[in-house]
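Those protein sequences? They're chains A and B, same order as listed. Position one of the first sequence corresponds to residue 1 (the working numbering), numbered consecutively onward. Position one of the second sequence corresponds to residue 1001 (the working numbering), numbered consecutively onward.
Please note that a few of the clues may not be correct.
Derived CB-CB ranges, DEER-like [to be verified]: (1) A/238 - B/1229: 30 to 38 Å; (2) A/110 - B/1046: 23 to 31 Å; (3) A/126 - B/1229: 35 to 43 Å; (4) B/1046 - A/227: 19 to 27 Å; (5) A/61 - B/1037: 36 to 44 Å; (6) B/1236 - A/110: 28 to 36 Å; (7) A/104 - B/1244: 20 to 28 Å; (8) A/220 - B/1240: 28 to 36 Å; (9) A/32 - B/1226: 44 to 52 Å.
Keep in mind the hints are simulated off the structure, nothing from the lab. Backbone N, C-alpha and C fix where the C-beta goes; we use that ideal spot for every residue, glycine too.
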Amino acid sequence: MRDVDVSFDGSPVLRSLSLSLERGGRLGILGPAAGGKSVLLKLLVGLVAPDDGAVHILGTDISRGKEKTLMRVRRDVGMLFQNYALFDFMTVGENVAFPLARLGETEEGEIAERVSLRLRAVGLAGSETKMPSELSGGMKKRVGIARATIARPALLLYDEPTAGLDPVTTSKMYELIAADQAETGCTVLAVSSDVGALCGFSTELALMHEGRIRYRGPSEAIGDSNDALVRQFVSGKDEGPL
Amino acid sequence: MLGDRTISAAGRGTLFAWRELGGMTILAGQVLRALLPPRMDAPELLRNMYRMGNRSLPIIALTAFFVGGIMVIQAGVLVKQLNAAGLVGWGAGYAIFREVGPMLIALMFSGRVGSNNTAELATMTVTEQLDGLRALAIDPIPYLVVPRVVAMTVCLLCLTVLGNLIALYGGAFFAMVLLDLEFSTLYYSLVDNIHWLDFVHGAVKAAVFGASIAMTSCYFGISVRGGAVGVGKAVNAAVVAAAISIVMLDFLLTAVLP
């Protein structure tokens, strides 16, 4: 994306934001709350339209794209929402199967098998018949991850993938995401406030604040940034510009 | 100044009404586009028809039965004064088919199904489920809205036809019990005087009311803003808008239809 501006009711959320991501890359985006991270992900899947600038996803310009273009691009994108966005009128199994079922290219038996495997991978084996309302927040998050990854999209967007999960499950989830990526070669963009977990997972990190990128570079070098705001966020100290 | 404030409030109200009306018109256009040729999720349509139609049947039947009774009790005074027992069946049938049946059943349907539909769609909107569908390359209009519009229109039409018949039976029952009238008197009074257009008149109204309830409830559901408070406001707005639209459409259709 290049020079993208997004505002809601006159309040700027993203300001002249430029960001590129290589295919097969693994970028983590950190930042304080309300810094525009979730809006950035929604922009990448066409749920938010830019006021200005250009957004290209997998070689297609979606910033001025028609609904048909968006729908085509979205078939190659998987997204985990911050609040899970599980369909509460479907069972867990139906939720996870949905991305495959709507494509209509996979037989029912194979879908059921892949759903079972995906749920086992996220530690929820045998939960197919449960309703989302029967699950805890952490379990919903894992179902969301299973749904986002089952169709093996080329681009995966994770909005706070481990919020609400315990440290052990958090590292398991990142291991799972990394293993999936190694298998499919997809591009991963993960947004989180969990500095430690995201540093360990991402090959590259960016820090967003007030709609702008304040840092972009190797994960291991973020603590040595010249920007006091970046250093404060990473160290978690009370004193500083934040 | 009070005058300025009044004018300002009236202006805000007018702008609000036009904005909502415009939003509903756009949604109606999107629904029509999805229906030509029909593009909707069949399992979702059946699921909605079951819970909107089948599950509304008991409450509609109960209401209709007593509505028939009310019609007869109201007519009873005149029947005795004018000794016009031969008109009771026709009077009750005429009123039920053309006016009371479609309107009361639509209001009941709006309260039960329309409000539920708004709450469900509004909750889905605020919990990002609609965005979740879009992100999975599913357009929520053909997938969620169109099946509901079709289901509500068809279900209200069927429930009204059924409700009208139950109201007639209710009327006959109360006429026999309270007015000592023979069933045959009521029956021949109805079939000899009622015209098939009276039935069609009510059926057309029912279908239009169903579409209107569906559009208002879906619109307020998917355009909600905010969390739980927003959902409550959306349900309230949908019920009020549906009631107003039913009455206004009833007036219009009564004037236009034969």
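Residue 1226 of chain B and residue 32 of chain A - C-beta distance against the hinted 44 to 52 Å: With a Cβ separation near 23 Å, residue 32 of chain A and residue 1226 of chain B fall outside 44 to 52 Å, so the hint is violated.
Range hint 23 to 31 Å (beta carbons of residue 110 of chain A and residue 1046 of chain B) holds or violated: Cβ of residue 110 of chain A to Cβ of residue 1046 of chain B: about 25 Å, so the range 23 to 31 Å holds.
Range agreement (Cβ of residue 110 of chain A with Cβ of residue 1236 of chain B, hint 28 to 36 Å): violated (46 Å)
Distance restraint evaluation - residue 104 of chain A, residue 1244 of chain B, Cβ atoms, bounds 20 to 28 Å: With Cβ atoms ~42 Å apart, the hint is violated.
Distance restraint hint 28 to 36 Å, applied to the beta-carbon atoms of residue 220 of chain A and residue 1240 of chain B: Taking Cβ atoms as reference, residue 220 of chain A and residue 1240 of chain B lie about 59 Å apart, which means the hint is violated.
C-beta pair residue 1046 of chain B, residue 227 of chain A: status relative to the range 19 to 27 Å that was hinted: Hint violated: Cβ distance 57 Å, outside 19 to 27 Å.
Distance restraint hint 36 to 44 Å, applied to the beta-carbon atoms of residue 61 of chain A and residue 1037 of chain B: violated (30 Å)
Beta-carbon spacing of residue 238 of chain A to residue 1229 of chain B - inside the hinted bounds 30 to 38 Å or not: holds (34 Å)
Assessment of proposed distance window 35 to 43 Å (beta carbons of residue 126 of chain A, residue 1229 of chain B): holds (38 Å)
Checked against the numbered hints given earlier, the structure breaks hints 4, 5, 6, 7, 8 and 9 and satisfies all the rest.
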